[in-house]
Every structure is written in structure tokens, then in C-alpha cells.
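Student: Dock chain B against chain A, hints included.
If you read the protein sequences in the order shown, they are chains A and B. Using the working numbering, the first residue of the first sequence is number 7, and each one after it goes up by one. Using the working numbering, the first residue of the second sequence is number 7, and each one after it goes up by one.
Heads up, a few of these hints could be off.
No distinction is drawn between identical chains; accordingly, a pair holds when it is met within one copy or between any pair of copies.
To be verified - Calculated cross-link-like contacts (lysine-lysine; reagent style DSBU-like; alpha-carbon spacing at most 35 Å):
#1 78 - 24
#2 99 - 130
#3 94 - 80
#4 94 - 260
#5 143 - 107
#6 96 - 63
#7 130 - 63
#8 206 - 296
#9 158 - 206
#10 158 - 107
The set of hints was computed from the structure by calculation and includes no laboratory data. In this text, all values refer to a predicted model and were calculated from it rather than measured experimentally.
2 protein chains.
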Amino acid sequence: MIVNIGSVGLDTTRTPFKTVEDVMGGSGTYSGLASSYFSETGLVGIVGEDYPQEYLKILGDRMDLRGLIIGKGKTFRFDSSFGYDMGKRKTNKTELNVFGKWEPKVPEEYRDAEYLYLGNVGPKQQLRVIDQMEEPKLTVADTIEYWIENQKDALIEVISRVSGMVLNDEELRQLCETSNIITGARTIMDWGATFVIIKKGEHGAVLFTRDRIFPTCGYPLEEIKDPTGAGDAFAGGLMGHIARTGKTDFKTMKEAIIYGNIMGSFAIQRFGTDRLLTLTMEEIEGRYNKYKEMVTF
Amino acid sequence: MIVNIGSVGLDTTRTPFKTVEDVMGGSGTYSGLASSYFSETGLVGIVGEDYPQEYLKILGDRMDLRGLIIGKGKTFRFDSSFGYDMGKRKTNKTELNVFGKWEPKVPEEYRDAEYLYLGNVGPKQQLRVIDQMEEPKLTVADTIEYWIENQKDALIEVISRVSGMVLNDEELRQLCETSNIITGARTIMDWGATFVIIKKGEHGAVLFTRDRIFPTCGYPLEEIKDPTGAGDAFAGGLMGHIARTGKTDFKTMKEAIIYGNIMGSFAIQRFGTDRLLTLTMEEIEGRYNKYKEMVTF
Chain A
7 MIVNIGSVGL DTTRTPFKTV EDVMGGSGTY SGLASSYFSE TGLVGIVGED
57 YPQEYLKILG DRMDLRGLII GKGKTFRFDS SFGYDMGKRK TNKTELNVFG
107 KWEPKVPEEY RDAEYLYLGN VGPKQQLRVI DQMEEPKLTV ADTIEYWIEN
157 QKDALIEVIS RVSGMVLNDE ELRQLCETSN IITGARTIMD WGATFVIIKK
207 GEHGAVLFTR DRIFPTCGYP LEEIKDPTGA GDAFAGGLMG HIARTGKTDF
257 KTMKEAIIYG NIMGSFAIQR FGTDRLLTLT MEEIEGRYNK YKEMVTF
Chain B
7 MIVNIGSVGL DTTRTPFKTV EDVMGGSGTY SGLASSYFSE TGLVGIVGED
57 YPQEYLKILG DRMDLRGLII GKGKTFRFDS SFGYDMGKRK TNKTELNVFG
107 KWEPKVPEEY RDAEYLYLGN VGPKQQLRVI DQMEEPKLTV ADTIEYWIEN
157 QKDALIEVIS RVSGMVLNDE ELRQLCETSN IITGARTIMD WGATFVIIKK
207 GEHGAVLFTR DRIFPTCGYP LEEIKDPTGA GDAFAGGLMG HIARTGKTDF
257 KTMKEAIIYG NIMGSFAIQR FGTDRLLTLT MEEIEGRYNK YKEMVTF
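Next up, chain A with everything else stripped away, as it sits in the complex (with noise of 0.2 Å):
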């Protein structure tokens, strides 16, 4: 099984094309339903007492939902807007809502889990969540600049107690204050990760180990709807990848980051999760083969 933590929350995303509101969103709906594809997902998060019960009935047919707690008041919101180039996003509200003040609690069930995936929550409830658990035999975290910014002592100590970290390229040279991403690779596994894998949005992922470099390039797209949830479904692609294959030797890392770059490209054709959420595993395949096929020289 992979723990999958992470925001769980009601999206609005604006483009000259369309406006979406209070749509399933958060890093760990993305994350969770692209693994579920791949393996049994379980969900630890928290939603206010609106979250829509037709959501939950969604995301429960996908993955085990013992571990999302409702709490007492709102959801978790996120209002942002994209240009037409679908290049940067600008943030027009956050409501931190049940999300702020929760502290995370891993149902016993999910304890002896193999995999534990640690998506945009705090560094401190990062740590909290790590503690709960018995042994992964491995463990991937993501984070975002805020906590960069407020909480990177905390971040450190999450890094030296992951198997792996998974940031974008601004995020590492930000945390790591250089400019070259194979530096800041370098410096996150001095601070204890085994690898890191650096997300480069439409140019691909490259993976790093102490002595070897997989570099990536993205899945060509020509129609992109949404690029909210690319880098969360992402490593929901390369968690999942893992967890069916039972292994972490370095081939199956990079098919895994692989797998990550297709799950990103479908999430971004439709708007929200509509992609996600109507997938079939011979789709993914599809895409897999045609992108090695692409790529082959």
C-alpha cells in the first residue's frame, strides 16, 4: 500500500478559456488518484464539513479513505488563474481552513505500509506523519516555496529522513541557493535523501543518485487545459510505478519517473482531475510505449 499525505481541497482555476469552481483539487487528490492506478492508494488528509459527499463517493471508489478525517468547518481552498501561454500561475486566494490547524494521525491500518508518500503539507506535519509510521521501505516527500521560505530547518530534518525528495527546479535552487540544479541535487543528498528527483514542468524530471543522472524530457502536448496537479500526479505516477513492481533498484527508478511524466500530461489535457479520474491502465501503457518509442535513438 501507498500512504499518500496531502492537501485535500476545493479548486477554482481560471483561464481566458474557462473558469472552474470549487472542483476536486489539493496535492494529495492528485497524487493519490494517479497512483491508485497503479496500486492500493490510502488517502491521509482532512476536509471541512462541506467538502461534497458526491467528492468523497469519487475519491473513495479510487482509494481508501480511512485516513481523510472530516473536520469541523470549511475546506480547504484554492483560487488561481492561468494566462494563455498556461506558463506561470498567480494565486488569487488561499483559505487554509480545517488544512491550517490539522495534525496529521495515520490510521493504525496504514502503519506497517510500504510506501509513504509526503505531498504539500507542512515539514513539521511531514515529520509528524513519519513518526507515526513503522518502516517504509520507502519514502518520498514533496514541498513548495512557502516552506522553503517559513519552515526550512524543519524541511532539512524532513530531508535527512526521506528515502527521496521531489522538488521543481525554482524550489531546489531557491532551498539550495545555486543556480545549477546538479549542485543542489548534490547538496539535498548531503542532507540525507538517497536521490532527488527535480520537476521541470513541460521540459521533463531529471533523477539523481549520488553517481548517476537520468535525465527526462516531458510528453509532447499540443492542447493543455489545466496545469494545476501536473507535479502532483507526477510522483503519484512514480509512487505507484514503484509500489506494483516492489522494487528500487535504479531501472525501475527511472521507468518510475517515467510513469511520472505520463500521469503529469493527462493531467493537464482536461481541466481539474476530469482525466485522472476516467483513465484506464492501457491508456497509461499507450502513452509509456509511445514516449520510449519517441524517445529511442
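Tutor: Frame of chain A, contents of chain B only:
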């Protein structure tokens, strides 16, 4: 033979770590030096009376210089700066000098060459060169923002008469008025080119034909001394590999893009043309093989 037309000048490059003044530079210099490792290369260009004899000797050791004329006046000069992250270049001063009014003339002996590379000169100058050539097997052109802004019609005529275009992603977006590079590449092919190569700097390059896409990532480098000439060296590696194999099938084109990435990566590891003057084929093939092993999964 590859006929290689481009600027030949003197560069002043300022970085926070080092500044070099009046070193060998220009698009034709970089692309010609890069292609000269693979195939006989004839340089068509102009320098002024102040161009150092010593530089002529260095260029002459690697290229056929019958197409390089010495004009009355001063050599083209380019002065630019990079910041700590070696990202965006800032142009301090451009002096066109003899390059400004140059009317390129292809020597008789070059006119039946099979391969023609039209580096960064104006589209009208590129057309003039195309007119002088008999019937090259493959013609590839590059351009820059300045010509997109000032001679777009002539540039589109160039595109209608070449086999392929090499552009960076920003130039493509600007020229084709789209944020999506796939859409942009299709527009270029609608204008007449058979293939389009989009250079994305450290993120690699993508080859487009009507029915295929070959995305590649850049060769990861920890130390970047001077990004000047990376795109021109890329084009040189590309043309060089095509010319040495004598083939233009998709497999050869894919390999050629990788040689482009490899030559670009060498260019930026030292200041100016330093690294491109001291390479061996063994080093080039070694890095190609290392790249191939690195990206295979």
C-alpha cells in the same frame, strides 16, 4: 562539403567570474568550428582589416576560408554580459561594421556543395546565398528575434526555400504567434520547411517533421563558463553529422540532434571558442555514447 554562412566577429563577454575581450566569435565561427570535426566546412563570411591574423590562422586550420573576405573597415563586434545564473544574456553593444552592408558571395568552388547552413545573417542575405547555390541536398537556416521583428516577410520566404529551420523556443513563439511549440512547428512546416528543430537551451532540443516528434533533453553539466555560441555549436554538430553520414532519414536526423546537443554542451564549458578548438572525435563520440547510456531506460 558544408557551406556555412554566418557572422564572424570579435566578442567581448562579461561574467561575474571572468571577462574576455575581442575573442573569436560570431555565429559562423561557432557553427563552422563545430561542424569541422565531422566534415569539410567552408566558411562564408566577412571580417574587417583589424581581424587578427592569428585568428585567421586558427580558423584556417579547421576550415576552408576561400569564402571569408576581408572588407574595408572594422570587424563585427558584440559585447554582452551574463549574471550569476548564466541565464539570460544582456547585450551591451553591437557594432555591425563591415558585416552591416555585406553582400555575401559564395565562391565558385562551393556552389555545388551538398550541405548549406545559413546561420544568423539577415533573411535577405540568406536568400542571396540560396540563389547562388546549385542544388544542395539539405539546407538549414537559423534566425534571431531581430529579423523576426524587422524582416518577417523575407524570413518566411527563406523558410519556403529551406529543408529545415533551427530556432529557439522564444523565437518560434514570436514568429508563429503561439505559446505552443507543436503548433508553432506546424506553422513553419506550412510555410514550406520539411522539418523544424526547436532549441531549448539547457532543456535540449526537439525535432519536428510532419508526422513525428523527437524530444531530447540537454546534456547535464555542472559547470557552465560561457553560454555564448551554444546554439550555433548545436547547429554545427547537427550539420556535421548529417554531412558525414550523407543521409537525411529520420534515424540520422535524430542522431544529428544529439550531436547538436553534445557540441552545444562542449561550447559552454569554456570561454568563447576555447573548447571547440581543442576537441577530439574521441571526446565527441565518448560524450555521445555517455549521453545515450544516460537517457536509455
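Student: State for each hint whether it applies.
Tutor: Status of the hints after comparison with the structure:
no.: 1; hint: 78 - 24; verdict: within (32 Å within a copy, 60 Å between copies)
no.: 2; hint: 99 - 130; verdict: within (23 Å within a copy, 51 Å between copies)
no.: 3; hint: 94 - 80; verdict: within (28 Å within a copy, 44 Å between copies)
no.: 4; hint: 94 - 260; verdict: both (28 Å within a copy, 31 Å between copies)
no.: 5; hint: 143 - 107; verdict: within (29 Å within a copy, 68 Å between copies)
no.: 6; hint: 96 - 63; verdict: within (30 Å within a copy, 55 Å between copies)
no.: 7; hint: 130 - 63; verdict: within (30 Å within a copy, 64 Å between copies)
no.: 8; hint: 206 - 296; verdict: both (21 Å within a copy, 22 Å between copies)
no.: 9; hint: 158 - 206; verdict: both (22 Å within a copy, 32 Å between copies)
no.: 10; hint: 158 - 107; verdict: within (19 Å within a copy, 57 Å between copies)
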